[in-house]
Each structure stands twice: as C-alpha cells, then as structure tokens.
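J.: Sequence:
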Amino acid sequence: PNATQHTLISTSSFPAGSAELRMIQGSLEAWHAVQGSAFRFSYQSSSSSGATDHGDRKNGVAFSSQVGDGTLGITFSTDLTNGDRLSADVLFNNRTNWSFDGSPTWQQYDLGSTARHEFGHALGLNHSNLGCQALMGSGC
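My numbering puts the last residue of the sequence shown at 141; the count rises by one with no breaks.
Please note that a few of the clues may not be correct.
Derived EDC-like pairs: lysine to aspartate or glutamate, alpha-carbon spacing no greater than 20 Å straight-line [to be verified]:
1) Lys59 / Asp85
2) Lys59 / Glu30
3) Lys59 / Asp80
Label pairs and their calculated CB-CB ranges [claimed, not checked]:
4) Asp85 / Glu30: 22 to 28 Å
5) Gly69 / Ala34: 28 to 34 Å
6) Ser66 / Gln36: 21 to 27 Å
7) Asp102 / Ser13: 19 to 25 Å
Just so you know, these hints were derived from the structure itself, not from any lab. No experiment lies behind these values; they were computed from the predicted model shown. Quick reminder that beta carbons are idealized off the backbone N, C-alpha and C, glycines included.
Using the sequences provided together with the hints, build the complete structure.
T.: Quick look at the structure:
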C-alpha cells in the first residue's frame, strides 16, 4: 500500500540534536529505503506532549510510562470504519535501558530496530518476517 504519515516527535523525549532524536529520525527514514516500498514518513514538527493523546488525529512518537513492563514499544492506532488509518502513536518504554548508537550491550535494547518495528505498525503493517528482514536483516 501507499502511505505517507506526518509525525510529531516529542521534544521532551527526543531533545534537539540528541542521539535519541537522530536514532528516531533514522528509523523513520529507513522506511524510505526499502526497495519497492511506497511508504513515506514526513517529519512534521516537534511537540512537547508527543504521542500521549491517542485518537487526536495526530501521529506522535514519545517515551512513556504507558508502556507496560517487559514491553519495549507499543503502537496505538485509530482506524476509520473503511480501514484507513486516521492516526498512530508510537510509545517507547521509558524504563528500558536503551542504546542510541545501534550497538547495544547485552544489558541494553536497540532503540533503532525497535523504532523501525513500531513504525511498521504505525503504517498499518502486522508482524511479518518479510518486512522485518528488509529493515533489520537477520535480527528478526
């Protein structure tokens, strides 16, 4: 499917110039590079609240305590009755020990691969090893 998603990134979660913000932006851009993909993310602007108001017709990204223990990230989506995606909010567990450089230690989780996975859900994709392998290689 073709999809463009305009995304608000929480400035409190991902401060300007931070490694966290670069990782999120790179993960959004990774969807552009998938051969044959028509998915596009558009970085619309920053938001102080980010993704905390589900169903507000805005797509947001933030760290949040709304994500349960043992869960790295979650995507809340609002769809119309015809199946079109109205909005999606991607939240990352703010209690997780994240790596922001793509090289997690055995005690960390890689924010980039988790973000790419969750952004797939934001675009309406369900779990599939095909898309996972296109974005993350053998790490699926």
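J.: Evaluate each hint against the coordinates.
T.: The hints, checked one at a time:
1. Lys59 / Asp85: 14 Å, holds
2. Lys59 / Glu30: 19 Å, holds
3. Lys59 / Asp80: Holds: Lys59 and Asp80 sit about 12 Å apart, inside 20 Å.
4. Asp85 / Glu30: 22 to 28 Å: With Cβ atoms ~24 Å apart, the hint holds.
5. Gly69 / Ala34: 28 to 34 Å: 31 Å, holds
6. Ser66 / Gln36: 21 to 27 Å: Violated - the Cβ-Cβ distance for Ser66 and Gln36, about 37 Å, lies outside 21 to 27 Å.
7. Asp102 / Ser13: 19 to 25 Å: 21 Å, holds
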